[in-house]
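Q: If you read the sequences in order, they're chains A and B.
According to my numbering, numbering within the first sequence proceeds without interruption in unit steps and concludes at 341.
According to my numbering, numbering within the second sequence proceeds without interruption in unit steps and concludes at 341.
Treat the hints as calculated values from the structure; they're not laboratory data.
Since the model is a prediction, treat every value here as computed from it, not as a measurement.
Where a beta carbon is used, it is the ideal one built from N, C-alpha and C, also for glycine.
Mixed in with the good hints, there may be bad ones.
Residues from chain B that face chain A, not an exhaustive set, calculated with beta carbons under 7 Å [stated by the list, open to error]:
1) Ile188
2) Gly195
3) Glu220
4) Leu225
5) Thr238
6) Asn240
7) Lys244
8) Gly248
9) Met253
10) Asp255
11) Ser262
12) Ala273
13) Leu279
14) Ser280
15) Ser283
Protein chains: 2
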Amino acid sequence: MTSKGRRPPPEVLATLPVAVDAMGGDRAPEEIVGGSRDAVEKDEIQVVLVGKPDQLSDIDGLDVVACSEVIAMDEDPAGGVRRKKDSSLVRCAELVRDGRACAMVSAGNTGATMASALLRMGRCRGVVRPCIATPLPRLGGKPAVLVDAGANAECTSAMLVQFAQMGSAFSNERYGIEQPTVGLLSIGEEPTKGTPLVKETHSLLSDGSRGINFIGNVEGRELLQSPADVVVTDGFTGNVALKALEGALRFMFDTVAGVFSIDDATREASGAILPHLLSIASVFDPENTGGAMLLGVNGVCVISHGSSSSLAIRNAIRVAHDLAAGGVVDRIAESISPAD
Amino acid sequence: MTSKGRRPPPEVLATLPVAVDAMGGDRAPEEIVGGSRDAVEKDEIQVVLVGKPDQLSDIDGLDVVACSEVIAMDEDPAGGVRRKKDSSLVRCAELVRDGRACAMVSAGNTGATMASALLRMGRCRGVVRPCIATPLPRLGGKPAVLVDAGANAECTSAMLVQFAQMGSAFSNERYGIEQPTVGLLSIGEEPTKGTPLVKETHSLLSDGSRGINFIGNVEGRELLQSPADVVVTDGFTGNVALKALEGALRFMFDTVAGVFSIDDATREASGAILPHLLSIASVFDPENTGGAMLLGVNGVCVISHGSSSSLAIRNAIRVAHDLAAGGVVDRIAESISPAD
């Protein structure tokens, strides 16, 4: 599972298309095809759609690589990748591996997306486990990044240190943040708080020798407007916390929308309030963030929200292309110190 | 650390005062004294304030037990309880142990509150570790309960099963929910998702032999409007998730309040919207929930938010008294099957 083949240099990657899994996501293939067309026509980014030809329509003028299988949203990831060698996800990862695409994008089965990328592209040298970097929007500022947002339910402190290194490289490349600050998610500020894993990781991050700009623990209540540019945690805690945030924000927006429709007075009042709220909501809308990225594999793999619309896919394609052309995988690979 | 002395029966507990830590909390002692006075005068509940007499004012007519020490908000809990035998927290717990109070309430150092209760009251027979039960408000319904909300960063599956049992007994006694449903916090619905601890606990909860009404895994996004009446998790994940929710709700309320004050139009519009939003916000305000409860110790210990006002303290005192008089500790003790 280590590096397969040689990764093309960024200047070559910039000329390659983005491989898009046409079959992945709750709104596939229509919204995926639509977003791909927008990326080609409006952003002038090359795209190669990977899907089952008999299920695709409106693809005139788009490049398509045909496949015969699809890994379902709820299918066992490892088994799906093993059995379905001609699936859209596996073919996308192979296009990147073979130097025929600069990056892959999927809104499909997250576990199977990770497995496809890991098994076909391989890990960057020295990486123990890839992790998922998910943007944490900050009002009025550049997003922070949560690593790991769900790739690894079980982690060691050496893995968390690598997540910090890879997350920092990603934050720098994606958002242009110089020497991103790194915080460790815990249940108090003090280094003595948390699980043995957290305390051990705190000690490793504190020693200053791994190129990490560590600022200490951050707490759950700080995940919005995070004081750290990179928030490090295991994939179980990260996934629970991220979904708790998503759920709370969704609940609040729905609740406020419900209040607006109570009576004539609230409906009228909403006219003055709604535009401001929508502009705030757009900052937190996964449609606009460009998706999460799998860090530590030998190629760019962007994981979009399952509910992605054409707009989300268009954004994800642009982000994926720009990251590949910017050499993000080289940056991430260079950031790694071998696990202790 | 097991049961110390004999717990009075509920009909005797109903006649005893609630011991209130006058020195604990960001707004102590003024708001604590004020809330205690309201409980006595408006709710006709007996209270005994425990504090340093020279720091208390406006205590005419209130019962006071004098102490000479205070465990600070940021003090090491175990060390504080060990060294400060005449602290307000330790004295509160001793009043419950000695059958002179029916319950204790503190808005002070959470760790020291737990340690005082555990060391002075002792555990209920068979309980491996006490846990914190925190209400998860549900709009239009009775609150759910999160166990463990932060007492134990490290847990075993046997502990989590006991949290489910104690949480169910608490949900029934506190909210009158018959056969409360229990969910396990994880990162997907499938029993195969999560850490080894979660998977093992899922298996134990599924076997149906422990009086637990288990409905499967719940995800972070379901913590508001939880489908389960009792959500079980380890204290690290529970604390991170709870604070993530608190942070997101606080952020949203602040953000909406900010929108209201943008210009004249939004200020005027807020008049129609604000009353509705405030009534929703009140459901989620820790001031109104009555506080968290430490389950598994041999007495009622209610932990209030550090920022508690007199209203929060008054609510906590009423809840503490009613729980004690209702025999909640007996219910919790009976719910436990010895750890496997």
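Q: Are the hints correct? Go through all of them and say.
A: Okay, the hints, checked on the actual structure:
1. Ile188: Holds - the Cβ of Ile188(B) comes within 7 Å of chain A, reaching about 4 Å at its closest.
2. Gly195: holds (6 Å)
3. Glu220: holds (5 Å)
4. Leu225: holds (5 Å)
5. Thr238: holds (6 Å)
6. Asn240: Nearest chain A Cβ about 4 Å off; hint holds.
7. Lys244: Hint on Lys244(B): holds, closest Cβ of chain A at ~3 Å, below 7 Å.
8. Gly248: Result: holds, 3 Å to nearest chain A Cβ.
9. Met253: Holds: closest Cβ of chain A sits about 4 Å from Met253(B), inside 7 Å.
10. Asp255: violated (10 Å)
11. Ser262: violated (11 Å)
12. Ala273: Result: holds, 4 Å to nearest chain A Cβ.
13. Leu279: With a closest approach of 10 Å, the Leu279(B) hint is violated.
14. Ser280: Because about 9 Å separates Ser280(B) from the closest Cβ in chain A, which is outside the 7 Å limit, the hint is violated.
15. Ser283: Violated - the Cβ of Ser283(B) stays beyond 7 Å from chain A, reaching only about 13 Å at its closest.
Violated hints, in rising order: 10, 11, 13, 14 and 15; the structure is consistent with all others.
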